[in-house]
Each structure stands twice: as C-alpha cells, then as structure tokens.
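Trainee: Residues per chain, in single letters:
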Amino acid sequence: KAGVTQTPRYLIKTRGQQVTLSCSPISGHRSVSWYQQTPGQGLQFLFEYFSETQRNKGNFPGRFSGRQFSNSRSEMNVSTLELGDSALYLCASSERTGYNEKLFFGSGTQLSVL
Amino acid sequence: DQQVKQNSPSLSVQEGRISILNCDYTNSMFDYFLWYKKYPAEGPTFLISISSIKDKNEDGRFTVFLNKSAKHLSLHIVPSQPGDSAVYFCAASGLTANSKLTFGKGITLSVRP
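Chains as they are written, first to last, in our numbering: chain A, 7 to 120; chain B, 124 to 236.
Keep in mind that the hints are not guaranteed to be accurate.
[To be verified] In silico DSBU-like pairs for lysine-lysine, Cα to Cα no more than 30 Å straight-line:
1) B/177 - A/108
2) A/63 - A/7
3) A/19 - B/194
4) B/194 - B/179
5) A/63 - A/19
6) B/194 - A/63
7) B/194 - B/177
8) B/191 - A/63
9) B/177 - A/19
10) A/108 - A/7
11) B/191 - B/179
12) B/191 - A/7
13) B/128 - B/191
14) A/19 - B/179
15) A/108 - A/63
16) A/19 - B/191
17) B/177 - B/128
18) B/177 - B/191
19) B/179 - B/128
[Said to hold, decoys possible] Simulated restraints on C-beta separations:
20) A/45 - B/174: 47 to 55 Å
21) B/168 - A/118: 21 to 29 Å
22) B/193 - A/22: 44 to 52 Å
23) B/140 - A/86: 48 to 56 Å
24) B/132 - A/89: 42 to 50 Å
25) B/202 - A/75: 21 to 29 Å
If you're looking for bench data, these hints aren't it; they were derived computationally from the structure. For every residue, glycine included, the Cβ atom is placed at its ideal position computed from N, Cα and C.
Just need the whole structure built from these sequences, with the hints factored in.
Mentor: This is how it looks when you write it as structure tokens:
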C-alpha cells in the first residue's frame, strides 16, 4: 500500500497570503489528522476529520481550517499567513478514529512565510 | 500548557549501551501512551505503545515503562544502534472516542559508533 502522501513538500509564501495543503491518506483509512511541528513546540494538533466530519479541533485560530472529501483525501487551508505560521505541517491517517488508533504520518509540507 | 513533557532536548549514548528516554505528563485522564520516532525529512513513525493497565511493554530492543502514580514513562533501547539516531516523541491520549494525541516536544537521540 502507498503511504500517506502530502503535497507540496515545500512552499514559500509571503505574509497575508493564503495557502492550501493536500493530504492523501493510506487507502482504506478514513481518519485524517493534521499537526503543526515547530522546533520549539514539537507536534501540535490542528484537527481531525473522519468520514468528512471534523471530529476534533486543537487550539489554533480560525485562520486554520480543513476539510475532508468523500475519498478521504483532506486539505488544510491557512488564510492571512503570519510569520509564525512557518512550520512543518504533518498529515496522519488511521483506519478508524479513536484513542488507540495507530497514526501513519506523511513526510510533511514545509511552509516558509516571508 | 504542556501536558506531555520531554524535559531533556537531547541525549547522546555509545553504540551498544542503553538509551533511556523520559517523558512526564500532567493530565491524569491520559490512559494510552505511545512513542514515535522521526528521521529528518520524514514523518514520525510509530514505535511502541502502552495502555494504563500495563506497566511494561516490550518489542524487540524497545521497552516502554509506565509509572502511573508518578505520571512518568520511559523508553529503553537496548542495545542502542547508530540507526536509532532520530527524534523521539512521546504522545498520550485519553480513553474517549474524541480524544486526540498530545505530543511532547521530542528528544534528539544520537548514538555514537
């Protein structure tokens, strides 16, 4: 099976712009989660989608949004980019949603905001 | 407020010796704990997990110990190998359907040949 695929791998944007990141989960996986990784904060949970519904949301401002399509692919959008949004954005998929589901991560999208 | 704490940012050990990576948590509702390993330019990969009903779980060279009363867990790698050099994240979750994984900041392990 192919792993979790995230596109693009690298992205450079300027402040005030918006960006859309894409994630294709492992075939058969219906849950997709998004995490932000920064050197000082580790991995911080953004949100989780399961069967096109947002099931859980982290403590991020409303500029961060996401959605999931019927084929389980997911997109994450960040509007009005700020310098502090520069980070590695990781997508993870699992077969089901739940506390003990093993997450499979993609390689991430490295976003740089100038 | 960091609910999962990995207070040591880095650890360096000699090949063949034991690596002990520590993790503390503050949320008493956490009942399931995992370790993930991350190499540069790759996403984290699952390593080992433990539920609160156990105090130890082994998988080959990797053993996780859980001390619920101290809200502390540790990952032991024996023997350590150069290929183990990576960032290790501790993560925790509560026992509810809507519970999310909360990660620590990670520990960079370097295994010297």
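Trainee: Which numbered hints are broken by the structure, listed smallest first?
Mentor: 3, 9, 12, 14, 16, 20, 24 and 25
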